[in-house]
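Could you build the full structure based on these sequences and the hints that come with them?
Going by full-length UniProt numbering, the sequence shown opens with residue 1, and the numbers climb by one from there.
A portion of the hints provided could be inaccurate.
[What the hints assert, rightly or not] Below, simulated DMTMM-like cross-link-like pairs (lysine to aspartate or glutamate); rule was C-alpha separation at most 25 Å, straight line:
#1 LYS96 / ASP36
#2 LYS291 / ASP95
#3 LYS213 / ASP93
#4 LYS82 / GLU61
#5 LYS162 / ASP95
#6 LYS215 / GLU173
No wet-lab data here; the hints were simulated from the structure. Only a predicted model underlies this, so the values are computations on that prediction, with no experimental measurement involved.
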Amino acid sequence: MAQMLAPYNNAMRLGQGFNSYTQKTCIDGAVGPKIDEPKEAVSASQKEVSQIVSYSSRFVEKLSDITDAMNISASLSIKTSKIGGSANGAFIDSDKFKESDLNFFIQVKVVNQSTMARNYTEFEKIDVPPAQFNDVYGDCFISGWEEGGELNALLSIKCKDKSKKQTIQAQLEAQLGTPVLSGKVTGAFGQEGAETNKWTETTISVNWSGGGKLKKEDAVWDVNSLTLAAANFPDKVMMTPQRTYAILTKYTALKSFHKQMGGFTPLDYESAGIYTSALLDSYMDYKSIWKQIQVATAELETGQTQLKIAQPSGEVLNYAPPTPTRKYEDSIRTEPPAESDTQQKPLAVPFTPHQFKIAAYLPTPLGLDKARRDCRLEMVKIVHEVDLVTRNPAIALEPDRDGIFLSSVIFKQLLPVKALPPPEPSKPSIPAHALPVPDVPEHVSVYMGIPDAPFLQQAIQTHENKASRFRMSTYSGTLTAGGNSFNHLDDIDPENRMKTFTFNSNEKWVNHVDVTFMDGTKRTYGNPNNNFHGIPSFATTLDISKVKIVGAVIVSDGLLGNTYRPFKFVSWLCFDPKTGITTHSQHIGTKPAAEFTLTNSGGTVKTHLAPVLDGSWSLWGFYGNALTGLDALGMVWKKD
1 MAQMLAPYNN AMRLGQGFNS YTQKTCIDGA VGPKIDEPKE AVSASQKEVS QIVSYSSRFV
61 EKLSDITDAM NISASLSIKT SKIGGSANGA FIDSDKFKES DLNFFIQVKV VNQSTMARNY
121 TEFEKIDVPP AQFNDVYGDC FISGWEEGGE LNALLSIKCK DKSKKQTIQA QLEAQLGTPV
181 LSGKVTGAFG QEGAETNKWT ETTISVNWSG GGKLKKEDAV WDVNSLTLAA ANFPDKVMMT
241 PQRTYAILTK YTALKSFHKQ MGGFTPLDYE SAGIYTSALL DSYMDYKSIW KQIQVATAEL
301 ETGQTQLKIA QPSGEVLNYA PPTPTRKYED SIRTEPPAES DTQQKPLAVP FTPHQFKIAA
361 YLPTPLGLDK ARRDCRLEMV KIVHEVDLVT RNPAIALEPD RDGIFLSSVI FKQLLPVKAL
421 PPPEPSKPSI PAHALPVPDV PEHVSVYMGI PDAPFLQQAI QTHENKASRF RMSTYSGTLT
481 AGGNSFNHLD DIDPENRMKT FTFNSNEKWV NHVDVTFMDG TKRTYGNPNN NFHGIPSFAT
541 TLDISKVKIV GAVIVSDGLL GNTYRPFKFV SWLCFDPKTG ITTHSQHIGT KPAAEFTLTN
601 SGGTVKTHLA PVLDGSWSLW GFYGNALTGL DALGMVWKKD
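Here it is in structure tokens:
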């Protein structure tokens, strides 16, 4: 069985009865020490401090994620309408949590020592009816303490620009991730922090026990001060620890309990945790809705807003909440079977949940008042359900337990919504000849130049419908009429990118290119059999699986009276989100770059760029022409 803990408060005593579900203290002296042993606690570590430190930081979407991390009872939070009642979790503003776009929770736990009262083993029985045992004794007792400290912080962030949400989320992970808090990673985050502050409205709530003073009185809580406090917290706790948790032990772990109580077993709440956490999330949703209704009512009365009736979907309007089963009706009137033969104090007012009528609320003060009352009633239903689980935790496992209260998701769709502001008064009409001519976007062709060859004209006709995702750059070299043309747009899967390509050349020209795609497919373009009478070849391979090529500078050389210009050298341009446009370390040429020279004054240099140079377009394939060698080459760009 896992160790059970409850947040410490000054009313706790060793041997005191305790209800682990409601986190309420019960009868004092439920368990005492053996008479023949001293009444002193035995410390698990008395000579030296050997700390146990745990760091945790993550984005949370539900309040129950926080209560679970802090060992706070969801039942107590529902009953008091505050996280943790007025104790550890009171620093959390549930309304602010619900209104925020991001919630980042940070926790640092430090355990200096655990103190166990190992001699507290004698159950002190008094005459209590079995049905009231949990009210008097609870289901466990306090058997020790954890001493150390705990720091909890919640950053609730509202994004002014919703499109920046993912960027802000990544920056917070970098600034307040577990490695940073624990001191394993250090660095300056000034620029990122300034960017985060620019686009957000952040509320920081902090609570800690142990460690003394964590920051100067005149300092405010921000990302930097919070990071520093978290990193220094274990050292401060070593100097000034305090009790943070009570250690709980079930009565069923005591031999003396079984001797005195026979076959009686207290209620077991271990299986009720998940169900009650779900109840807490629903309750806090309704609490937030109730506040929104109050604000809308005030704004409507003062004329600050206009409302219109909601238009919920047909699925919502036709939804009929399940009727509570007879099993549920029995559960609100009776105790578990093992306790049915004992006297039980009846409920002061029998509670029977009504059937909710699915209908949109009117956008009037009366309609909002009805919505507010219905919202409150749904919250009462949840509180009552917690009372039932307290009396009989077995109902938390019933698979058909439905229809107890209306889902908050459905309830929200029935509330009035804000109406759009009325249109401005119409202005005098303007004569048609005086109206500005709207900019009509020009037709965008798949080819980024003037098609000066039949091959290009045919390519445009075939692939013009792909212009929104693909573009063909202009080419370098010579599109000879007798050559074999190729175009990746003709025969390659649009989603199959190039992984590597190898250009093979000799001292005269580039012969062919071998392409390997991400799925393993291979293609060869050009004339692989042309070795130009044994002249040594030169090959260059580029792996582009992890880079974005957005441009190419191609040099072609003039031969045969400048009428034939095969390309001979290519330098690649890449996009890096941090450094911008850079030159790739690899090139393509008929010989190494250090030895490359133009042999004819007719050579040309052309730069071919992607349609946009922000990384949204990148090299996807090639097109060109091959006769003696690879005579012409152009780029095919794809929008990512």
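Hints versus structure:
Between LYS96 and ASP36 the CA atoms are separated by roughly 55 Å; this puts the pair beyond 25 Å, and the hint is violated. A hinted pair counts as satisfied when its Cα atoms are at most 25 Å apart, and LYS291 with ASP95 qualifies at roughly 8 Å. Distance check on the hinted pair: LYS213 and ASP93 sit about 23 Å apart at the alpha-carbon level, within 25 Å; holds. A distance of roughly 17 Å separates the Cα atoms of LYS82 and GLU61; the hinted pair therefore holds under the 25 Å criterion.
Taken as a hint, the LYS162 and ASP95 pair is honoured in the structure, with Cα atoms around 20 Å apart against an allowance of 25 Å. Proximity of LYS215 to GLU173 is assessed by CA-CA distance (about 23 Å); at most 25 Å being required, the pair is judged to hold.
Checked against the numbered hints given earlier, this structure breaks only hint 1.
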